[in-house]
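Asks: First to last, the sequence lines map onto chains A and B. Here the first sequence stands for residues 2 to 298, where the numbers follow my numbering. Here the second sequence stands for residues 55 to 549, where the numbers follow my numbering.
Be aware that one or more of the hints could be misleading.
[Claimed, not checked] Here are the in silico distance ranges between beta carbons for each label pair:
#, chain 1, residue 1, chain 2, residue 2, range
1, B, E112, A, G86, 39 to 45 Å
2, B, R490, A, V87, 54 to 60 Å
3, A, E293, B, E118, 29 to 35 Å
4, A, K262, B, E112, 53 to 59 Å
[What the hints assert, rightly or not] Below 20 Å or equal to it, Euclidean Cα-Cα: the simulated SDA-like pairs (lysine to any residue) are:
#, chain 1, residue 1, chain 2, residue 2
5, A, K77, B, D496
6, A, K93, B, E188
7, A, K113, B, T399
8, A, K260, B, E188
9, A, K113, A, R63
10, A, K262, A, H146
11, B, K405, B, D221
12, A, K263, A, K93
13, B, K116, B, L106
14, A, K77, B, R177
Honestly, the hints are just simulated from the structure, not real lab data. We put the beta carbon where it would ideally sit given N, CA and C, even for glycine.
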Amino acid sequence: MNLTTQSAASQPIKVESVGFGWPLIGCAGRWLPSGASTGFTLKCFRRVPRVKVNVSSTMSGRVLVGVKRVIDYAVKIRVKPDNSGVVTDGVKHSMNPFCEIAVEEAVKLKEKKFIKEVVAVSCGPQQSQETIRTALAMGADRGIHVEVTGKEYENIGPLQISKIMAALAKKEDAQLVILGKQAIDDDCNQTGQMTAALLDWPQGTFASELTLEGDKIKVVREIDGGLETIKINMPAVVTADLRLNTPRYATLPNIMKAKKKKIANMKPADLGVDLTSRRRGRYRGRRSARREEGTVY
Amino acid sequence: MASLLTRRLQFSCLHRFLRSFNLNCGNVTRCASLDSALSAFRSICGEGRVSLGEAVREQHGKDESLHRCCPPDVVLFPGCVEEVSALAQVCHRHGLPIIPFGTGTGLEGGVSAVKGGVCFSLRNMDQVLDLHQEDFDVTVEPGVTRKALNSYLRDTGLWFPVDPGADASLCGMAATSASGTNAVRYGTMRENVLNLEVVLADGSVLHTAGKGRRPRKTSAGYNLTNLFVGSEGTLGIITKTTLRLYGVPEAVVSAVCSFPSIQEAVDSTVQVLQAGVPIARIEFLDDVMIDACNRFSRLSYPVMPTLFLEFHGSEQSLKEQVNTTEEITQSNRGSDFQWAQEAETRERLWKARHDAWYAALALRPGCKAYSTDVCVPLSRLPQILVETKEDLIENRLTGPIAGHVGDGNFHCLVVVDPSDPEELHRVHLFTERLARRALAMDGTCTGEHGVGLGKRALLREEMGATAIQVMQGLKDVLDPDNVMNPGKVLQPREI
Numbered sequence: 002m003n004l005t006t007q008s009a010a011s012q013p014i015k016v017e018s019v020g021f022g023w024p025l026i027g028c029a030g031r032w033l034p035s036g037a038s039t040g041f042t043l044k045c046f047r048r049v050p051r052v053k054v055n056v057s058s059t060m061s062g063r064v065l066v067g068v069k070r071v072i073d074y075a076v077k078i079r080v081k082p083d084n085s086g087v088v089t090d091g092v093k094h095s096m097n098p099f100c101e102i103a104v105e106e107a108v109k110l111k112e113k114k115f116i117k118e119v120v121a122v123s124c125g126p127q128q129s130q131e132t133i134r135t136a137l138a139m140g141a142d143r144g145i146h147v148e149v150t151g152k153e154y155e156n157i158g159p160l161q162i163s164k165i166m167a168a169l170a171k172k173e174d175a176q177l178v179i180l181g182k183q184a185i186d187d188d189c190n191q192t193g194q195m196t197a198a199l200l201d202w203p204q205g206t207f208a209s210e211l212t213l214e215g216d217k218i219k220v221v222r223e224i225d226g227g228l229e230t231i232k233i234n235m236p237a238v239v240t241a242d243l244r245l246n247t248p249r250y251a252t253l254p255n256i257m258k259a260k261k262k263k264i265a266n267m268k269p270a271d272l273g274v275d276l277t278s279r280r281r282g283r284y285r286g287r288r289s290a291r292r293e294e295g296t297v298y
Numbered sequence: 055m056a057s058l059l060t061r062r063l064q065f066s067c068l069h070r071f072l073r074s075f076n077l078n079c080g081n082v083t084r085c086a087s088l089d090s091a092l093s094a095f096r097s098i099c100g101e102g103r104v105s106l107g108e109a110v111r112e113q114h115g116k117d118e119s120l121h122r123c124c125p126p127d128v129v130l131f132p133g134c135v136e137e138v139s140a141l142a143q144v145c146h147r148h149g150l151p152i153i154p155f156g157t158g159t160g161l162e163g164g165v166s167a168v169k170g171g172v173c174f175s176l177r178n179m180d181q182v183l184d185l186h187q188e189d190f191d192v193t194v195e196p197g198v199t200r201k202a203l204n205s206y207l208r209d210t211g212l213w214f215p216v217d218p219g220a221d222a223s224l225c226g227m228a229a230t231s232a233s234g235t236n237a238v239r240y241g242t243m244r245e246n247v248l249n250l251e252v253v254l255a256d257g258s259v260l261h262t263a264g265k266g267r268r269p270r271k272t273s274a275g276y277n278l279t280n281l282f283v284g285s286e287g288t289l290g291i292i293t294k295t296t297l298r299l300y301g302v303p304e305a306v307v308s309a310v311c312s313f314p315s316i317q318e319a320v321d322s323t324v325q326v327l328q329a330g331v332p333i334a335r336i337e338f339l340d341d342v343m344i345d346a347c348n349r350f351s352r353l354s355y356p357v358m359p360t361l362f363l364e365f366h367g368s369e370q371s372l373k374e375q376v377n378t379t380e381e382i383t384q385s386n387r388g389s390d391f392q393w394a395q396e397a398e399t400r401e402r403l404w405k406a407r408h409d410a411w412y413a414a415l416a417l418r419p420g421c422k423a424y425s426t427d428v429c430v431p432l433s434r435l436p437q438i439l440v441e442t443k444e445d446l447i448e449n450r451l452t453g454p455i456a457g458h459v460g461d462g463n464f465h466c467l468v469v470v471d472p473s474d475p476e477e478l479h480r481v482h483l484f485t486e487r488l489a490r491r492a493l494a495m496d497g498t499c500t501g502e503h504g505v506g507l508g509k510r511a512l513l514r515e516e517m518g519a520t521a522i523q524v525m526q527g528l529k530d531v532l533d534p535d536n537v538m539n540p541g542k543v544l545q546p547r548e549i
């Protein structure tokens, strides 16, 4: 494991090693109980010199970013009276915060000229187009809206989304798929991993740092014991964690420009994806017990 | 004889001063009128929204100032303007004082219930209503704070730039006419409130610019909106405010520059403004403050008066702005001009300014800080700063200075031991001298924080008898029984 050492000096000391997609095993570092990023490691592998090279010509230079329309994080969620779900009508929706971080990272890669095009993808009803427009205002080049409505939309889950993303990644010849690590409404944390498995691509999940080096990606992952650095081949799937970056605000001129960018419409059947849910049973919400105000003697 | 007189005077001053910080708060026992009102309160807003709990009352009796907690007798949590109006009618009938409460982040004791009474905590009314993107306006309820509104607006490309530092309620900011670091470019609350919905002392609901109206400008009738902005809850309870929004800046650049003396720093500020640079923030930290920040945040700024600048605009215009400003600072013997555009580097450059409050507190651990607040015309700023620093040194007070020099407004963060009455007395005299110094320079005794409890006498000196008479007349018309936040802004007539 690679762990950063926070010493009295202001700069943390990072020790890097090459794992070719596997975490280092047999670390002789000491694990301290407090804080996620203290400890040290032995340098076991030969260090590969870091060479920043622009994307090679064989790659398409295209990044797919998944964005999900969820209830805004600041809204107080209310359960429907019949306990069948949460109230969504008239409630403010916005882009999932982790998806915002994913879009920001993709746009940053484009600004640094590592990739050529950012495509924002969203699956859902007509309103999902607003979420794609926000991604376009942040700097994505074009959008794809996969239309899923009604009963199908209520039952859709990470498995179906990952099938759609995998099909799109192949169709668009993407070299990188960046997703948020999880959605704030279901907290599943499954879509990224399932997409990678369906594509048989390497995955760098919980990324807090992302660097493209030739046709490989160096990902610093946030894990329970601290930080882990891995190097994976492209094409790959990366999921964004909280500290990857700070998403930019969409400015008015960019929102105006985004209105002219294209959003392609398609249905899951066009991608050959079957949306049947493997889940049984329906959502059953329960309000927590009411707390009564009493007198303290 | 003379020494005896002066000693007597000192004692009475000390006594009066200590009393201002240790007021006889409220009614210890609930009176009969409150008991009968309580059942009316409960029937209006429900059992769970009326609180007599001691912890809840104490929480609603203090803010971020040094004034002691004066808890109200009861705290109400209304949910809509109809409830506020009905509750206000009950209070009016029973003659109970009404104290509106937003987030309790005020700095002048505006929420202290000096005569007891009923606190209206408006935090349950937290909806953002009526956003009009093309018209650049939004209407919010009192429970919406500044950061919550900007988070709500993040997809729209709009923001509300008035930034007083704390995450304050927007209606509370309207009530105290708040300002902030962005005022030099975007203005204060006075310029950015289009309309207010106010519940008056007798329960009637007033729309200061007409119900639902939000034109960007108007010349219709008396300017009631700006009458209530800054009234600090003494004229009515603000239950809705319509705010002017601005576009999020396309790009932001931050810069830092040190100067050998205060005069040069202020000269640079004046010249930057005269050159027409639309600077967004221009903040001044004196050498004592920079030293404190260096120690607290482990930075290495040169220990000299320093300006922190921020520019908003498009990429091209930013280049021009930064170049013009750099030339001006260099011609004023400025050194170490650094600037940055990337978010992380900007954060690091401005870290000293952001942590200023905590750095000042860290100078003397275990002490509290009191922030003074005066505003003078720009040309008098160097003189008042120099005189204030001499005053601080002469009276052995720790008072690093941070200021919004673009407006001529500065704060001394006086760090004081709250358990030492002698030091508190020195601080009190110092703040009075500072306010009088500012008044003598055509300035004001409070630039942003409001009058509240502690500056009522200074307001009288600043405004003069006629203006105070007019203010008292307005208060008598809108609140003849003096139930709205009594004891604030205007002195009681007996004195």
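Asks: Against each hint, give a clear statement of whether it holds in the structure.
Replies: Going through the hints against the structure:
1. Taking the beta carbon of each, E112(B) and G86(A) are about 40 Å apart, inside 39 to 45 Å as hinted.
2. Judged by the Cβ atoms, the range 54 to 60 Å given for R490(B) and V87(A) holds: they are separated by roughly 59 Å.
3. Between E293(A) and E118(B) the CB atoms are about 33 Å apart, so this pair conforms to the stated range of 29 to 35 Å.
4. Separated by about 55 Å at the C-beta atoms, K262(A) and E112(B) satisfy the suggested range of 53 to 59 Å.
5. At roughly 49 Å between alpha-carbon atoms, K77(A) and D496(B) are farther apart than 20 Å, so this suggested pair is violated.
6. A C-alpha spacing of about 19 Å is found between K93(A) and E188(B), which places the hinted pair at or below 20 Å, so the restraint holds.
7. Only pairs whose Cα atoms come within 20 Å are accepted, and K113(A) paired with T399(B) is accepted, the gap being roughly 17 Å.
8. With a CA separation close to 15 Å, the supplied pair K260(A) and E188(B) stays within the 20 Å bound.
9. Under the criterion of a C-alpha separation no larger than 20 Å, the hint pairing K113(A) with R63(A) is consistent with the structure, at around 14 Å.
10. Straight-line distance between C-alpha atoms of K262(A) and H146(A) comes to about 13 Å, which keeps the hinted pair within the 20 Å bound.
11. The straight-line distance between the Cα atoms of K405(B) and D221(B) is roughly 18 Å, inside the 20 Å bound, and the hint therefore holds.
12. Among the hinted pairs, K263(A) with K93(A) is inconsistent with the structure: their alpha-carbon atoms are about 25 Å apart, more than 20 Å.
13. Only pairs whose Cα atoms come within 20 Å are accepted, and K116(B) paired with L106(B) is accepted, the gap being roughly 16 Å.
14. Of the pairs offered as hints, the one joining K77(A) and R177(B) holds, with about 14 Å between alpha carbons and a cut-off of 20 Å not exceeded.
The structure is inconsistent with the numbered hints 5, 12, although it conforms to all the rest.
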